[in-house]
Amino acid sequence: MRVNFTVNGRQQEADDVWEGESLLYVLRERMGLPGSKNACEQGECGSCTVRLDGVPVCSCLVAAGQAEGREVVTVEGLADFAKQRAEHGGCATGACGSESGTTLQDAQQWRAKGTDSQTGEGGELSPVQQAFIDAGAVQCGFCTPGLLVAADELLERNDSPSDADIREALSGNLCRCTGYEKILDAVRLAAARQGEAV
Amino acid sequence: MDFLRPAGWEEALAAKAEHPTAVPIAGGTDVMVEINFDHRRPEYLLDLNRVTELQDWHVGEETVQLGASVPYTKIMENLRAELPGLALASHTVASPQIRNRGGVGGNLGTASPAGDAHPALLAADCEVEVESQARGSRLIPIDAFFTGVKRNALEADELIKSVHIKKADGPQQYSKVGTRNAMVIAVCAFGIALHPETRTVRTGIGSAAPTPIRAKAAEEFLNAALEEGGFWDNGKIITPSVAKQFAELCSGAANPIDDVRGTASYRKHAVGIMARRTLGWTWESYRSGKGRGAEGVA
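Protein sequence lines, in the order shown, are assigned to chains A and B.
The C-terminal position of the first sequence is numbered 198 in full-length UniProt numbering, with every residue numbered one higher than the one before it.
The C-terminal position of the second sequence is numbered 298 in full-length UniProt numbering, with every residue numbered one higher than the one before it.
Just so you know, not all the hints are guaranteed correct.
Computed beta-carbon distance windows for the label pairs [what the hints assert, rightly or not]:
#1 B:His58 with A:Ala86: 16 to 22 Å
#2 B:Ile237 with A:Glu196: 48 to 54 Å
#3 B:Met1 with A:Leu104: 25 to 31 Å
#4 B:Thr21 with A:Arg176: 35 to 41 Å
#5 B:Ala156 with A:Glu87: 51 to 57 Å
#6 A:Ala86 with B:Glu77: 57 to 63 Å
#7 B:Ala14 with A:Ala86: 44 to 50 Å
#8 B:Thr147 with A:Asp16: 38 to 44 Å
#9 A:Glu87 with B:Ala153: 51 to 57 Å
#10 B:Arg199 with A:Asp53: 28 to 34 Å
#11 B:Glu284 with A:Ala197: 44 to 50 Å
FYI, nobody ran anything at the bench for these hints, they're computed from the structure.
Don't be surprised by glycine CBs; every beta carbon is placed ideally from N, CA and C.
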């Protein structure tokens, strides 16, 4: 079957989708967006977290057909999504204008590029992404995309989260390097920077 | 496999009538796991996401009519005053990502003995509204809903539409034992609801019998003891021997198995502990609220 949906603010279509396929599989294997990670395939680990109509969900548990006509934001579109939100006060999904969003090609080629591959300096990063780098919250990096999407959503609705709020918001994302302390630091840092910017 | 995408409730019923083997999918948090792991290859998937009436709830005089697909997150955010036990139970479901998708309809459809909502639903008292194209809708009392391990009273052509849950008329509590706080299936769980209007207490036990159950002997004992001692009127602390006996009867109602999550004897023990604790919490709340007219806030 064919699935039409919005990915990172741009209208996309996926063809020859098997009816039992997950949204995660469509994103990774049909759209060429491997940022969302495939690990447990049962909603336990959160590494496939994306925004579906603004709501963080495990994309491995969304049937591809259920995404029909809906808006998906993946980690590849997160920098642009955060930028749009900062500039237009919330309308970051692409619904408010066709010019916004991230093209599929850009998303496929997305990397934390810049002059320095360690710090990502000069690259297009969302505040949460930059905070993860600055706080040393990335170890093997496999859980990072899911954590970024979840953390970004937390900071969108709560600009000064308590430690309990952060733990709760990230409770569905597992890091098997067990680097949780640095991840918490990163979210605190992003929240603090967000507070300064206002 | 075919993917059926009804645009509304009538269409969904028609699709289910035409394809009784179709597997309904709403949040997908149970169904997709089975498909991802190739444990299930249904001929038809019946997507209920576009049936908007399933996402709504209505707060009435006596009951809350909760649409089958209302996600747990919405229950926690919007229905904590009316359904305190279910709101607490919802908060113990997996993670934010799962709570954003999953709802009570799917929990009832799967009918796992470990479903987090079930003890709260049993304690609060509710009826499950199911409907078929051929016979229209009917209400199944929650006490008659669970018929076996992962089995329920639904006919092949029926879909779960909503749950009519009694609004809290007293404090409610929920307790769940697991190895962590998030992302955990219950080793066992316990729900309790005080119903001062009828001067009764209802319970629900999860993951400690082939189906979610009530501890009816414990309820009858406690109802009699509270009545006899005039506790509902005098608001005194429940006699420790009464609380102990209640806990033992709850423990006795459990009929658990040994499995990877815990042993039968541990589960029986834990059910007793949770029963005593949650009774204490709810009764304390009832006593302190009595002077202010016992609001249904746990």
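(message) Hint by hint, where does the structure go against what was stated? Just the numbers, ascending.
(response) Violated: hints 1, 6, 10.
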